[in-house]
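A.B. asks: Listed here are the chains, written in short residue letters.
2 protein chains.
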Amino acid sequence: MSLNETLLEQKEALLTALAEDQSERLAELLPELRSADLAEIVEDILAEEDDLPIALALLDSLPIERRANVLGYLPGEEQTDVAEAMSDETLLPVLEEMGSDERADLFNLLDEDRREGLLRRMARQEREDLKRLASYEEGTAGAIMTSDYVAIPSGMTVSQAMMRVRQTAPDAETVYQLYIIDPDGRLAGTMSLRQLMVARPGARVDDLMIKDVISISVDEEQEEVARVVARYDLLALPVIDAEARLIGIVTHDDAMDVAESEATEDIHKGMSIGQLEDGVSRVPLWSLYRKRVIWLVLLVFGNLFSGAGIAYFEDTIAAQVALVFFLPLLIGSGGNAGAQAATLMVRGMATGDVGVKDWGKLLGRELLVAGSLGLTMALAVAPIGVLRGGEAVAMVVAMSMVTIVLFGSLLGMCLPFLLDRLGWDPATASAPLVTTLIDASGVLIYFSIATAILAGL
Amino acid sequence: MSLNETLLEQKEALLTALAEDQSERLAELLPELRSADLAEIVEDILAEEDDLPIALALLDSLPIERRANVLGYLPGEEQTDVAEAMSDETLLPVLEEMGSDERADLFNLLDEDRREGLLRRMARQEREDLKRLASYEEGTAGAIMTSDYVAIPSGMTVSQAMMRVRQTAPDAETVYQLYIIDPDGRLAGTMSLRQLMVARPGARVDDLMIKDVISISVDEEQEEVARVVARYDLLALPVIDAEARLIGIVTHDDAMDVAESEATEDIHKGMSIGQLEDGVSRVPLWSLYRKRVIWLVLLVFGNLFSGAGIAYFEDTIAAQVALVFFLPLLIGSGGNAGAQAATLMVRGMATGDVGVKDWGKLLGRELLVAGSLGLTMALAVAPIGVLRGGEAVAMVVAMSMVTIVLFGSLLGMCLPFLLDRLGWDPATASAPLVTTLIDASGVLIYFSIATAILAGL
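If you read the protein sequences in the order shown, they are chains Y and W. Quick note, the first sequence lines up with residues 4 to 460 if you use this note's numbering. Quick note, the second sequence lines up with residues 4 to 460 if you use this note's numbering.
Incorrect hints may have been included.
A pair counts as met if it fits within one copy or between any two copies, since identical chains are not told apart.
[To be verified] No farther apart than 30 Å at their CA atoms in a straight line, the calculated lysine-lysine pairs in the BS3-like style are these:
| id | residue 1 | residue 2 |
| --- | --- | --- |
| 1 | K364 | K214 |
| 2 | K364 | K134 |
| 3 | K294 | K360 |
| 4 | K214 | K294 |
| 5 | K134 | K360 |
| 6 | K364 | K294 |
Simulated from the structure, these hints should not be mistaken for laboratory data.
The following block holds chain Y by itself, in its conformation from the complex:
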């Protein structure tokens, strides 16, 4: 991604100041930049100038806390490049300043020798925490949670809890949601800082807290985390282990990032593109090729079935060449209607609007809608059939249109459910797959109807 003009100017000013070693000018420029923007400038220096030492020098001019923030905003690959170029002595304090979830993510990107070296230099508690967070499987709640939350021991008073919040404030990812923990570490309840602030100082948190807490298991998929956070408008979602012990929280901003990358992934899958590690403008060409080619070549062979169908009906085609005129139209329409139906189902399932057990009801709805769509399109195309090939051809085309659109829509609707049943991601029921399947069936339906009707004349 190119920088916008403001950022481009700021980047130039920073590079000049760095090159001429003007530390006063740097100290003036840097505080004006937000960490997210600074991260983008660093990314741009790495991409355009390909100058790691300059990027490192820029990071070095920042106070340690901001350095950790900026590093946290960088994409994985750039984060690794920067971290690998730093010595253990420089990297360690930065890691310590990062949020525990970001630290674990970066840690997982480093090679094993480096990880061992860093772990040896850490304090025991930090080491255990990092090892634990880094051990959760990618794509689960555990992998995106942070252990920097405010835990209040059960039994505390409001004023004790308030003191605890003040002490934890610098480190916690959010201080606005408090979690009350029983002596066994189990999540006993939750309350907001807002509730705490308006409460009587002598009251006990146990009497004020909400006991029926929405929480999620550490093994749960991150999509589900994002759905729960959005559904209940949460600031943070507590994550518990099998013994109901609180082991982390997922904050709303991390949930929003998950929701956005899930939507991108679903859109890409919908066009049979594999998962990209980065934005389309930055991902390596070879990777882009690889993610697109597999499905395209598979679909080549899928399309050969359409060819085989055509070969089988060569006599019918030879007898009435006008039929070929309508071939792209008919299979295209079926494919489009089917891809629409599949898209509606896949997105409905992703947002939680459609469940597997709605299948029967939705089938009935789709039958009605697709039938009407097919009839409308048949009416639109029939006059052209009369013009090009006479009434018999018009009848063949109209009947084929209704059948193909109906068949295509039902296939497009059912495929995501079928894939879900088989344990696959419904988003794999992509438009190209549906289109290819319907293309082949469309050829068969069209020429079968044509053979039947035209032979009877």
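Put chain W on the given structure of chain Y with help from the hints.
C.D. replies: This is chain W only, laid out in the frame that chain Y set:
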């Protein structure tokens, strides 16, 4: 959407208690249910039982604050149905309890007489606030912002500000981000409640606040609001008018809702489906038909160009019927590659990863990737060409494959940028549109190459 089993049980229990008028049982059941879940039960009663009086009775058994919460979680149509069935006397206190953004949304859904009646019964300040919020155009920051934020007059001390937060706590949408306002109502700075809590009580907020606040204009599109909130990980984004006066905030949960519905809209547009007012399982059949039929019929006529191409090359086809065998394959492959390229660009533009000025650089990348894709697919299909029609046909098919995939990918890549330049939503460059355009061009490319090569033999 069907209820899950827990909710279904809870719904049955509620219906039984209501039917048998067991108010004690109700008072036991209701506090256990979260507002989001209760809203879903109400929605289900309206959809399955079609029983508005029961839904109203259920809402009536709730304390006024929860009634407002549940109403806020209902989708627009159900909200209107419920609100219209309530008398002004019942509705007014509920409206007053709702967040100012939800209140304005609901207000906009009521008919004019009802709105007039309600406004007359309101206190002057509330009336002005509601009229103002309801007046912003749909899809802008103004339409999704709330006016319930914590404003701290410039010059206050930390302890005065803390007092103000405590007073505002019950009404504000979020108390965790504070906005410092100068005497002209302009946004002077911001600070978090966390900062306030750890600050010295006698310090002035003006010395602690961040002056360089990220804010957004009231006319800005809601997509941009969601992007800014996600980019800077904000809890809330302040909204300012043309004079830089603070007039509202958009909270993270509303931004997340926008991001989710924008992603759904883009996915639907990508398959040429109009914007649905509700989830696919609930939207009326007629509406579903209407949103899908327009594009399908348009594409019917688009596909006729492919037919016209075929008619033009009838002689070439008659001379070498084996060519028809490869027709669905070639145009299908071009369509798939083009739809992939369009999808990557559209999503990249939606997430802000790709800008219009990256166009030149991306064109070069796409040329390389699409060229390699075309070559791979040509190699895959060439042997089949030899088998079906000899070496000459294989050559025609391979050359056509490279040309069609290259052309299709470039078209798919450029179309979103072109639409954006014309001021249209790039997501309109949907897969069916790209596919139809490439289908027609593919027919022309294929048979032109065939005519040239086969005539030369």
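A.B. asks: For which of the previously enumerated hints does the structure constitute a violation, in increasing order of number?
C.D. replies: 1, 2, 4 and 5
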